[in-house]
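S.K.: Sequence:
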Amino acid sequence: MAHVEIEVIEVAGEVTVQSPRRPSLLAPLERVLGLFVEIPAAILVVAEIVILFAGVVARYGLHRPLIWSDELASILFLWLAMLGAAVAFRRSEHMRMTAVVASARPAMRAYLDLVATSAALAFLVLIVWPACDYAYEESYITTPALQISNMWRAAALPAGIGLMAAFALLRLVRAADWRMVGAAVVSVAVIIGLFWLAEPSLRPLGNLNLVIFFVGVAGFCVFAGVPIAFGFGLAIFGYLALTTRTPVMVLVGRMDEGMSHLILLSVPLFVFLGLLIEMTGMARAMVAFLASLLGHVRGGLHYVLVGAMYLVSGISGAKAADMAAVAPVLFPEMKQRGAKPGDLVALLAATGAQTETIPPSLVLITIGSVTGVSIAALFTGGLLPGVVLAITLCMLVWWRYRHEDMSHVRRATGSEIGKTFIVALPALALPFVIRYAVVEGIATATEVSTIGIVYGALVGLLVYRRFDWRRLFPMLVETAALSGAILLIIGTATGMAWGLTQSGFSRSLAAAMTGLPGGAATFIAVSILAFTILGSVLEGIPAIVLFGPLLFPIARAVGVHEVHYAMVIILAMGIGLFAPPFGVGYYAACAIGRVDPAEGIRPIWGYLLALLVGLIVVAIFPWISIGFL
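First residue of the sequence shown: 1, per the working numbering; consecutive thereafter.
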């Protein structure tokens, strides 16, 4: 019997077993190529932090702004996004909808994994030449500050696409069952070939092609387990190439536009900040203080979990980092007090949905970048809705644990509370430091993350004396991978949104939504239902990028404040994201808490109902979102 390798990847507490691999001479090549990509990606994360922080110091501290800092940061950012996407591809960390795939038999699951890889490779092969053409066309443009060819920036696109294609090819070649590989490749090739042969029949169909490609192709790819970014990419590529006369190079341009918006640079920086606060012990200190305050009351640690997620979310901006920072600290003590693992993971998932609006949420940043809504206004408006949902969750916790036996729990003394508060004070100050820097104009929404990183590093080194230098490189690589996965989705979804706009669909949708009976109330109700469903399938960021530019102008037209509308749809998407059976956030919470997903199914419905009540309250009373603007 032939020996095979099993690739095991641990991400945010989740262990994922990939398809069996044949040991071969290609394994060292894959590792070397992986390091060839990971090292520059990690260096780019550090470079972005240094450049942006230097810009803050030079402008606010020295009153001598660096005119080239934003331009250099933008150039390096596109390279970071594409190299990060390549790292994510090698590590199988691109976002997928796996609910259907996971329910299949092992043989079918292995086949679908290979189909997903083959489909991704097909998109990369189709787009690589237009990406090269795009980079060549950009060579005629000179950057205003640095006075260099823009090709140095645009070359990141074909480079990243080529690296992802190389990793996809290596994964297929190293698969254990070559016959299954052949079947997967042939299946994808046949489907693409049939669409190509159908081109004469597709062109006369007009906007019906939107349904065929953006619903049919994209939906089929997503449910088949193809990474979302590549499913979107295949849909928009097929639509442009087979039904319009638009050059495919335009798609590359839209991807560039969607991925390189400078405000999105805060995504990798806040992701790194989230990992940093966990590594330095800042999250543990905050949780310990909250536990000393409430640990003796019935359901006390459940209240602590709600409060800790609120505080940590205000620092990291990334849900996986939030949950990974809080769960390992609280879960052992809560289990020791008799809490059921299923209830714990259900509440963890619910708090993940509750804190979607807490700044600096990546979803808030994404909304601001794709709709033009002020990110500072979104940051201000997101605080109180999170409090409302926290109250509804706490009311349910009180009801469920009102008879809990606390006779064996010792109440913390005043001095113990004071000591934990003093220890936690530097960590508790971080959200206020970030908020102050934005409000006072010290830094932009993009730059403020670097202030948080520098503050967190100094606190970790000087106050908590916890800074594991050995974890620094893996953290930088993880930051690049997660950021690349997010940004590639934004890039391909931007292409789809552009296609929808050019087709006239946006005007038709606007007319239909504007004409709904009941005006603003009906529009908000329909939006809640739609984004709850979208959140369970697409996650927040791709759904926002795809539908935000279409729906926000409609919200303005029917008299709904943009910030209020943003809070409503974010919370709706959060409920969908963490709701089983499709919500991938729920399974991430189970992986981080190391709990069987089946155990949390029953208790989570109560928490989701509490979140829905809170969402309805936020939707009915716009002041909650816009009262402090």
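Hints in this document: simulated from the structure, not taken from any laboratory. We treat Cβ as the ideally placed atom computed from N, Cα and C, and that holds for glycine. Each hint should be verified, as a subset may be incorrect.
To be verified - Simulated crosslink set (SDA-like; lysine to any residue; CA at most 25 Å straight-line):
hint	residue 1	residue 2
1	Lys340	Ala598
2	Lys419	Pro332
3	Lys340	Arg411
4	Lys335	Phe467
5	Lys335	Leu462
6	Lys335	Thr371
7	Lys340	Leu62
8	Lys340	Arg602
9	Lys340	Trp399
10	Lys340	Val433
11	Lys340	Arg465
12	Lys335	Val373
13	Lys340	Arg594
14	Lys335	Arg402
15	Lys419	Phe505
16	Lys340	Pro603
17	Lys335	Arg59
18	Lys340	Ile141
19	Lys340	Ser74
20	Lys335	Leu293
21	Lys419	Val617
22	Lys340	Pro106
23	Lys419	Arg465
24	Lys419	Leu609
25	Lys335	Arg400
26	Lys419	Ser374
27	Lys335	Leu396
28	Lys335	Asn150
29	Lys335	Cys394
30	Lys419	Pro328
31	Lys340	Lys419
32	Lys419	Phe467
33	Lys335	Ser74
34	Lys419	Leu396
35	Lys419	Arg594
36	Lys340	Asp596
37	Lys335	Val433
Said to hold, decoys possible - Each pair of labels, with its calculated beta carbon distance range:
hint	residue 1	residue 2	range
38	Ser103	Pro247	25 to 31 Å
39	Val526	Val463	56 to 62 Å
40	Ile39	Tyr136	48 to 54 Å
S.K.: A separate judgement is required for each hint: does it hold in the structure or not?
M.R.: How the hints compare with the structure:
no.: 1; hint: Lys340 x Ala598; result: 13 Å, holds
no.: 2; hint: Lys419 x Pro332; result: 22 Å, holds
no.: 3; hint: Lys340 x Arg411; result: 22 Å, holds
no.: 4; hint: Lys335 x Phe467; result: 29 Å, violated
no.: 5; hint: Lys335 x Leu462; result: 33 Å, violated
no.: 6; hint: Lys335 x Thr371; result: 44 Å, violated
no.: 7; hint: Lys340 x Leu62; result: 55 Å, violated
no.: 8; hint: Lys340 x Arg602; result: 12 Å, holds
no.: 9; hint: Lys340 x Trp399; result: 16 Å, holds
no.: 10; hint: Lys340 x Val433; result: 37 Å, violated
no.: 11; hint: Lys340 x Arg465; result: 34 Å, violated
no.: 12; hint: Lys335 x Val373; result: 43 Å, violated
no.: 13; hint: Lys340 x Arg594; result: 13 Å, holds
no.: 14; hint: Lys335 x Arg402; result: 17 Å, holds
no.: 15; hint: Lys419 x Phe505; result: 60 Å, violated
no.: 16; hint: Lys340 x Pro603; result: 10 Å, holds
no.: 17; hint: Lys335 x Arg59; result: 50 Å, violated
no.: 18; hint: Lys340 x Ile141; result: 61 Å, violated
no.: 19; hint: Lys340 x Ser74; result: 48 Å, violated
no.: 20; hint: Lys335 x Leu293; result: 19 Å, holds
no.: 21; hint: Lys419 x Val617; result: 38 Å, violated
no.: 22; hint: Lys340 x Pro106; result: 30 Å, violated
no.: 23; hint: Lys419 x Arg465; result: 17 Å, holds
no.: 24; hint: Lys419 x Leu609; result: 38 Å, violated
no.: 25; hint: Lys335 x Arg400; result: 16 Å, holds
no.: 26; hint: Lys419 x Ser374; result: 40 Å, violated
no.: 27; hint: Lys335 x Leu396; result: 19 Å, holds
no.: 28; hint: Lys335 x Asn150; result: 56 Å, violated
no.: 29; hint: Lys335 x Cys394; result: 19 Å, holds
no.: 30; hint: Lys419 x Pro328; result: 22 Å, holds
no.: 31; hint: Lys340 x Lys419; result: 30 Å, violated
no.: 32; hint: Lys419 x Phe467; result: 22 Å, holds
no.: 33; hint: Lys335 x Ser74; result: 47 Å, violated
no.: 34; hint: Lys419 x Leu396; result: 31 Å, violated
no.: 35; hint: Lys419 x Arg594; result: 31 Å, violated
no.: 36; hint: Lys340 x Asp596; result: 12 Å, holds
no.: 37; hint: Lys335 x Val433; result: 34 Å, violated
no.: 38; hint: Ser103 x Pro247: 25 to 31 Å; result: 41 Å, violated
no.: 39; hint: Val526 x Val463: 56 to 62 Å; result: 49 Å, violated
no.: 40; hint: Ile39 x Tyr136: 48 to 54 Å; result: 28 Å, violated
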